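Sequences listed follow chains Z and Y, in order.
Residue 134 in this note's numbering sits at position 134 of the first sequence, and the numbers go up by one each step.
Residue 1159 in this note's numbering sits at position 159 of the second sequence, and the numbers go up by one each step.
What the hints contain is simulated information worked out from the structure, not anything from laboratory work.
All values reported here derive from a predicted model rather than from experimental measurement.
Honestly, I wouldn't trust all of these hints.
[Said to hold, decoys possible] Simulated crosslink set (SDA-like; lysine to any residue; CA at most 25 Å straight-line): (1) Z:Lys61 / Y:Glu1174; (2) Z:Lys46 / Y:Tyr1104; (3) Y:Lys1135 / Y:Pro1154; (4) Y:Lys1164 / Z:Glu161; (5) Z:Lys164 / Y:Thr1064; (6) Y:Lys1045 / Z:Pro184; (7) Y:Lys1135 / Z:Glu160; (8) Y:Lys1133 / Y:Glu1041; (9) Z:Lys45 / Z:Glu28.
[As the list claims (entries may be wrong)] Over 12 Å on every C-beta distance to chain Z, these chain Y residues come out as not near it, computed from the model: (10) Arg1029; (11) Asn1033; (12) Arg1136; (13) Trp1181; (14) Pro1206; (15) Glu1207; (16) Ala1232.
Where is the CB? At the ideal position from N, CA and C, for every residue including glycine.
There are 2 protein chains.
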Amino acid sequence: MLKLYSFGPGANSLKPLLTIFEMGLPVERQLLNPSIFEHHEDWFKKINPRGQVPALVHDGKVITESTVICEYLQDEFPDYPKLRPDDSYGKAMMRIWTKWVDEYFCWCVSTIGWQRMVGRMVDHLSEEEFEEKVKRIPIPEQQVKWRRARHGFPQEMLDEEMAKIRISIARLEEHLSKHEWLVPEMYTLADICNFAIANGMQFGFPEIVNEADTPGVLRWMKQINERPAAKAMFAEVPREQVRGSPTRPQEQEAAPAAE
Amino acid sequence: MLKLYSFGPGANSLKPLLTIFEMGLPVERQLLNPSIFEHHEDWFKKINPRGQVPALVHDGKVITESTVICEYLQDEFPDYPKLRPDDSYGKAMMRIWTKWVDEYFCWCVSTIGWQRMVGRMVDHLSEEEFEEKVKRIPIPEQQVKWRRARHGFPQEMLDEEMAKIRISIARLEEHLSKHEWLVPEMYTLADICNFAIANGMQFGFPEIVNEADTPGVLRWMKQINERPAAKAMFAEVPREQVRGSPTRPQEQEAAPAAE
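Generate the whole structure from the sequences, applying the supplied hints.
Structure (structure tokens):
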């Protein structure tokens, strides 16, 4: 039996959710609520001691880390639709992009998303209530991140992250203005994992992602959003409602990227 | 034909070097000299436009990114010794560790290594000569990093990175005090990729990595250093000589980690 614990279809949670819908795998899903720190509750830390979603449970075995889960599903269910090239070189080309999103692109978007959105999730708590919740977070630097989300990130850090976002989008555009997909001629986990972070940036970062500057990135996001699997996923899996978040449907997706 | 372009056996270059020696693959090697910015020269940027080592060329195809290269070698040469579990779950357990070193552990060690070592590599250059070299670096944030290595990283960044190093080593120790290898019962790319960053930290970070606090990490590093493949690699592949670097053989290895 397969069961996926995740947030709604944005950021790192989107990666295995979309992979599951693309593969058509029968997976039980449980959505956790980040605004009540549900992923830091004891019942969930028994599943993932790091208190992070997504987490996949397959016949009692726990697999964590969004990109690792996606490759696991491809390794374990080879008779389902392929989202990874068969040849070694194609796999390597795919992994250069999934590695890059995990170690670079996702972090800068995440910081800005946290600055904008996550603070709002906890602004109704008193300082004592907030610190009580932060104490339950098992990863020390996640504690730092929650405190910064509430009290504000250093401006120098925000500036540096915005610069990295520009570099990231330029790198995607450079490729996607010339190629349909990140790995030439095949829709793969490279697209899914980068789409998970990029989707909605035309609303959250319109000065960077827009028709004039990044037509390739917009075309690619539209093409993924129009796939039957993406439509089914967004129809079936509810998005998070962040208190005070804007009404545009995708703007909130950058929020809890690095969890 | 296989050809590997790398620095000496430390940090990210060590990953494919040790993998090649463990597998016993016939690979031509070319060492680049970081102190003269050889990886930013035009001839090398024709191979890897990002100007980063390691890079593997296999029958004309270029594969970059150290961890991706290691998995490529395992995918492409299944008849050579295995450094990756056969089952999907084991592969996932391995990838959690290789992903973690790439997105977390390697970066904090790299910053401190650059602060200590890379500045020295360029302190004989005039400001004009230095800037001339920096202009040839294709990745904008690598330009920032070289400038910081020369002029000093912000203290707040150094403090944060040191805290992350402590967290990283504690995570390794927690596991290695109970298990022989990172993936239980098998020496894998998880060990190689983490060893690439950790090796020598008992000299560079003795207040963090030492017999009293981290016996598990020390035992594991010793065990890898004593493997015939590691001995052969360190005997055959010369280490970088950083100007003014300490004489302890492994201390300089933390230097150019994130390249």
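Problem set entry | 12 Å cut-off, C-beta based - Trp1181 of chain Y kept clear of every residue in chain Z | holds (18 Å)
Problem set entry | Beyond 12 Å from every chain Z Cβ - status for Arg1029 of chain Y | Per Cβ check, Arg1029 of chain Y is outside 12 Å of chain Z; nearest 19 Å; holds.
Exercise. Taking 25 Å as the top limit, are the C-alpha atoms of Lys1045 of chain Y and Pro184 of chain Z close enough?
Worked result: holds (21 Å)
Exercise. Does Lys1133 of chain Y pair with Glu1041 of chain Y here, judged by a C-alpha cut-off of 25 Å?
Worked result: Within the cut-off at roughly 9 Å; holds.
Exercise. Given the hinted pair Lys61 of chain Z and Glu1174 of chain Y, is their alpha-carbon gap at most 25 Å?
Worked result: holds (20 Å)
Exercise. Per the stated criterion, does the least C-beta distance between Glu1207 of chain Y and chain Z lie above 12 Å, as a non-interface residue requires?
Worked result: holds (18 Å)
Problem set entry | 12 Å cut-off, C-beta based - Ala1232 of chain Y kept clear of every residue in chain Z | Per Cβ check, Ala1232 of chain Y is outside 12 Å of chain Z; nearest 25 Å; holds.
Problem set entry | Separation of Asn1033 of chain Y from chain Z, once the least beta-carbon distance is taken, above 12 Å | The assertion about Asn1033 of chain Y holds, with a minimum of 25 Å to chain Z.
Exercise. Once the closest CB in chain Z is found, is it more than 12 Å from Arg1136 of chain Y?
Worked result: holds (17 Å)
Exercise. Taking only the CA atoms, is the gap from Lys1164 of chain Y to Glu161 of chain Z under or equal to 25 Å?
Worked result: Given that 25 Å is the threshold and the Cα spacing comes to 19 Å, the pair holds.
Problem set entry | Exclusion check [Pro1206 of chain Y not at the chain Z interface, CB over 12 Å] | holds (22 Å)
Exercise. When you check the alpha-carbon spacing of Lys164 of chain Z and Thr1064 of chain Y, does it fall within 25 Å?
Worked result: With a Cα-Cα distance of about 21 Å, the restraint between Lys164 of chain Z and Thr1064 of chain Y holds, given a limit of 25 Å.
Every hint from the earlier list agrees with this structure, and none is contradicted.
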